[in-house]
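Q: Sequence:
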Amino acid sequence: MDKVERISRGYMGRILIVHLDTGKTEEEILPDSFYEQHLSGIGLASRILYDRIPAGADPLGPENVLAFVPGLLTGTGSLFTGRWIAAGKSPLTGGWGDANCGGNLSPAIKQCGYDGIFFHGRSDRPVYLSVTGGKAELCDARNLWGKDTAETEKHLADAVRGKKPAVAAIGPAGEKRSLIAGIANDGGRMAARSGLGAVMGDKNLKALVLAGTGRIPAFDREMMRKLSKSCNRWVRLQPPLVPGSLMASVGTLFRLMPRQIAQDGLLYKSLLMKWGTVSMNQASVEMGDTPVKNWSGSNEDYPPASSRWIDPDLFRRTEVRKYHCYSCPLGCGALCSLTGKFTHSHRPEYETVGAFGPLCLNTDTDSIFYINELMNRAGMDTISAGATVAFAMECYEKGILTKSDMDGIDLTWGNADAIIALLYKMIRREGIGDVLADGVRKAAERIGGKSSVPAMEAGGQELPMHDGRNDPGFALHYAVEPAPGRHTIGSQMYYEMFQLWRKIPSLPRPAKVYPKDLKYMADREKAAMAAACSKIMNVANSAGLCLFGLLLGIHRIPLFEWLNAATGWEKTVEEYMEIGGRIQSVRQLFNIRQGIDPRQVTVPDRTLGHPPQKRGANRNREIDIETLKRQYWEAFGWNPETGVPDKGSI
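Going left to right, the sequence shown walks through residues 176 to 825 as the numbering used here numbers them.
These are computed hints drawn from the structure, not numbers from a lab. Given the structure is predicted, the values throughout are model-derived calculations rather than measurements. Just to be clear, a hint being listed does not mean it is correct.
DSS-like, lysine-lysine: derived pairs with alpha carbons at most 27 Å apart [to be verified]:
{"#": "1", "residue 1": "K404", "residue 2": "K329"}
{"#": "2", "residue 1": "K449", "residue 2": "K404"}
{"#": "3", "residue 1": "K822", "residue 2": "K746"}
{"#": "4", "residue 1": "K468", "residue 2": "K625"}
{"#": "5", "residue 1": "K329", "residue 2": "K310"}
{"#": "6", "residue 1": "K617", "residue 2": "K600"}
{"#": "7", "residue 1": "K617", "residue 2": "K468"}
{"#": "8", "residue 1": "K617", "residue 2": "K573"}
Derived Cβ-Cβ restraints for the label pairs, each shown as a range [as the list claims (entries may be wrong)]:
{"#": "9", "residue 1": "L442", "residue 2": "T802", "range": "27 to 37 Å"}
{"#": "10", "residue 1": "D609", "residue 2": "G198", "range": "27 to 37 Å"}
{"#": "11", "residue 1": "E203", "residue 2": "G231", "range": "20 to 30 Å"}
Ideal Cβ placement from N, Cα and C applies to all residues, glycine included.
My request is simple: use the sequences and hints to build the entire structure.
A: This is the structure:
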């Protein structure tokens, strides 16, 4: 009876436990009540890892548990729900770590019959997990050790007969336990953040190869179809847009406007469909959203004469074909044709362009394409790597690092050849590359002196390419999220696009046009907005829903309705948001048990406008981060002075 009921619930009802030390695997059944309390995806991973990773566990040790989890909605007929998450104790921050990725791994996990795969222990030799033909086994990967992610995926995919498998793999960066290593899937999609590629490397786990053929259930397929059809009408709506060459002017216009216009995600969706995330390259620089020169510069240091080299049309001209992640009707990715060593590549994302363009004052477009493919194949996070290079550039400029320290590399601002040379050293852990391969916090500890000043990180993780001096919501989430330094959870702009007040009238409703100064007022309304962002993103990341889908607005993307139709539940919006809050509490308590004091996690003064910039888009702007943090914790019902949740909240 229980088995019949599970067939129609949207989730698979079991997880796979892999014991790397013994080579054995076992399946574990989870009760329906577990899913009703924690959903799947990040909710499932957070509860299981909270229960099974002991306090003080070495992130690069056998006690750490590494999870791969799909979304509850993946494969149910919903849209935008092909995301998967890797999770574990982060070697980069020492606390909760997760990395979100698209591609094709999420449905493959469920088609193998699981809502998650959890790796315990450490193998004494390189292995990969194969789940094919209904059988899970660890296979010898010694012949794959040293290969890049693209070579590894091709080798493993070619070896499987029948259905093409989904492959997730690490490259040389993960093998060498770089703390900024990620995990690659589907030819170049990256679960990049938190250093979880290093955890795979430490466990001697080279890859996962999944080729299941099981059916993914849903309670009410007809309702799922109707909801998705309605949602897709909004996705297909595509108005004409200005040429990419005018995007810098668009950014300038938004910067010069005396008042702020509340954002609607339909416009951003249209930009994504045409150009992908690079659509905002120039506009974001002009608005003050993109950090420049390791956060010390402004749009005036990377003016339109420079940013024209990251014009979105330059990237579009290289497209061979658009790229869609599983169940995505948008297709914001693209495969590109190049010249030189790498002839094909995934199109660089905005974060990669920002990290190796404005952040390093680099105007060489070809180098950014090259770096993107190099990082994907090495399995290294482009955000952290770019931030680390910019850190080293500032150290070099200020004499903290000499040319001798840099192994002869002339690491001046904008020197593309020097950037590439340094990245090769970081991948191989050679010379100065060994110093920098673990990110800016570790590098500053090793270099000493005044090197901590240019280290732009939060809780040990390098900051992404969105400036809190333009949108203070980003700065707040960088500091308060259990996985800090992340741009994919919340901001004031995201809140406006989510439009959650349409489903929860008690939440603040921003005016359509308002004074820009209001963004910088630390008040309880901002805290309520930020807490709502964290909760809804926990629900989305448990469902496998892409952030870009959610930015359409909750009145257009039927997340809650999909969840009820897929599971047969009748939960209210408020009940789902309560689950999102519970997941946040679990992750926060995970950090506290691992010895992290939430009060000590913050972002550098430079990024908060302390002191404020005297020129450029963000001049005279300051952020009161400490007040915002306390009010955010209070909005969650946690201790507002310490950021500690009540254990009864989980």
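Q: If a hint holds in the structure, say so; if it doesn't, say that too.
A: Structure-based check of each hint:
For the hint linking K404 to K329, the alpha-carbon distance of about 35 Å lies beyond 27 Å, and the restraint is violated. Distance check on the hinted pair: K449 and K404 sit about 21 Å apart at the alpha-carbon level, within 27 Å; holds. For the given pair, K822 sits about 24 Å from K746 by alpha-carbon distance, which is consistent with the 27 Å threshold. With a C-alpha separation of about 18 Å, the suggested pair K468 and K625 falls inside the 27 Å cut-off, and the hint holds.
Restraint check: the Cα-Cα separation between K329 and K310 comes to about 21 Å, which is no more than 27 Å; the hinted pair holds. For the given pair, K617 sits about 16 Å from K600 by alpha-carbon distance, which is consistent with the 27 Å threshold. Simply put, K617 and K468 have alpha-carbon atoms about 21 Å apart, close enough for the 27 Å limit, and the pair holds. This hinted pair checks out: K617 and K573 have alpha carbons roughly 19 Å apart, not beyond 27 Å.
At about 32 Å, the beta-carbon gap between L442 and T802 stays in the expected band of 27 to 37 Å. Restraint check, D609 to G198: a C-beta distance of roughly 32 Å satisfies the suggested window 27 to 37 Å. Roughly 25 Å separates the CB atoms of E203 and G231, a value that falls within the hinted 20 to 30 Å.
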